[in-house]
Amino acid sequence: MQVPAPFEYERATSVDQAIGLLERLGSSARLVAGGHSLLPMMKLRLANFDYLIDINPLHTELGYIRFAGEGAGGEVRIGAMTRHRELLESDELAAAFPIFRDAERVIADPIVRNRGTLGGSLCQADPSEDLSAVCTTLDASCVIRGPGGAERVVTMEDFHVGPYETAVGDGEMLTEVRFPLRPGGGSAYEKVERRAGDWAVVSAGAAVWLAGDGTIADARVGLAAVGPNTTGIPEISAALRGREPAEDLYEQAGAIAARSCDPATDQRGSADYKRHLADELTRRTLRTAVARARS
Amino acid sequence: MQVTMTVNDVEVTREIEGRLLLVHFLRDTLSLTGTHWGCDTSNCGTCVVWLDGEPVKSCTVLAAMADGHEVRTVEGLAKGAELDPIQEGFMQCHGLQCGFCTPGMMMTCRALLDKNPDPTDAEIREAISGQICRCTGYSTIVRSVRWASVHEAAAAQEAGAQA
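Line order of the protein sequences matches chains A and B.
With this note's numbering as the guide, the letters of the first sequence map in order to residues 7 to 301.
With this note's numbering as the guide, the letters of the second sequence map in order to residues -11 to 151.
You may find that some hints are simply not true.
Said to hold, decoys possible - Covered stretches of chain A (in silico footprint by chain B; criterion: 3 or more residues with CB under 8 Å from a CB of chain B, positions within the stretch not fixed): (1) 9 to 22; (2) 57 to 71; (3) 110 to 124.
Derived by calculation from the structure, the hints in this document are not laboratory data.
Quick caveat: nothing in here was measured; it's all calculated off a predicted structure.
We put the beta carbon where it would ideally sit given N, CA and C, even for glycine.
Modelling step: build the complete structure from the supplied sequences, incorporating the hints.
Written out as structure tokens, the structure reads:
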């Protein structure tokens, strides 16, 4: 039987109360949201804490998908406690960023998606985690709140410090993730997994924004499971900007993805196979993202 | 710590350790052993129960997280002596062999039919994709859910005709 080591259970009643508890208890305390990554680690005693602060009661405060402003300059703001199922089921979110529905369909399984949250996924910072790749692809930024209500906003690049490590410090909490809305956009996500609900062998997300003349104004590709953290590849963006969408361009992007990533051989596949997937999935998601941007 | 929750419409209050998992609270503290305890890693889904009407894997939920909430287990499916159509379907269509995955399968499939009364085979398979039947009896599970769906629709129509 796997059970976590003993800890004191605390229940959050508000964001600021939770931050107050974190401040007081320091690194001996950890927040738990859906718990589907943290509790298994605690059962295996890979993670041990004296205090666990349950933030599920904050779903009413931090479970939301809000559109702030329209078109250029607007953004989508998603609360950290928004659950996978809510991200999957939101038609508004799927219309703005189809990549979310693509990804949520293949994240874990429907039962786990009833519990797991956006904030929990990002804070777990697993290099194979799909929502981190989605957020990297969409150039999201993370709102981190600290003592006294002080907020700072960091990019995804700065948020992920390393595997299982984020920019969120002791006494701080990820409260919201923001996604810029830009005109002419399309996005897509693809994942290769060994069986339903597994971690990715490799995943790729792509987002493109087309200019009025049909050329690519900007593009981003995010990969999961092929390096220490979900990887955004600036070289691909540079290669695609200003160009006419075409098969040979996707091929070029796929080649950059394959040589830029750093996969390890493990039970899910060899490094060579993963490079092949990074190439192929980059092409496929760019193709779909462009088709969606045009429609 | 003390927790109070409603389990199958009955309010229960118990003194527990913070680290107690919901599956063990149900099985060991309340002696509701219909909920099975399987892989312990949220992969197999035999421990699925409802938390506020949503299926969850109770090996990965703390009992403390259910404090103040509503839990429903397989023991709460039947209405008195009358089986839920899902249970009847599993009987009629051989939806179980060894029976180990059955409680979780039935809780998930009941929740599916509540949201989508007429699911396709593909939708049923998607709904149970986080659950494992080690007898590999998936075809008969899908058939059992279809049986329940068809019979519920027929019963609803009959009730409508009588009204």
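Verification of the supplied hints:
For the region 9 to 22 of chain A, the assignment as covered by chain B holds, since 8 residues bring a beta-carbon within under 8 Å of that chain's beta-carbons and 3 suffice. Note: the region 57 to 71 of chain A has 3 residues with beta-carbon separation from chain B under 8 Å; the three-residue rule is met and the coverage holds. Beta-carbon proximity to chain B at under 8 Å applies to 7 residues in the region 110 to 124 of chain A; the threshold of 3 is reached and the given coverage holds.
No hint from the list above goes unmet by this structure.
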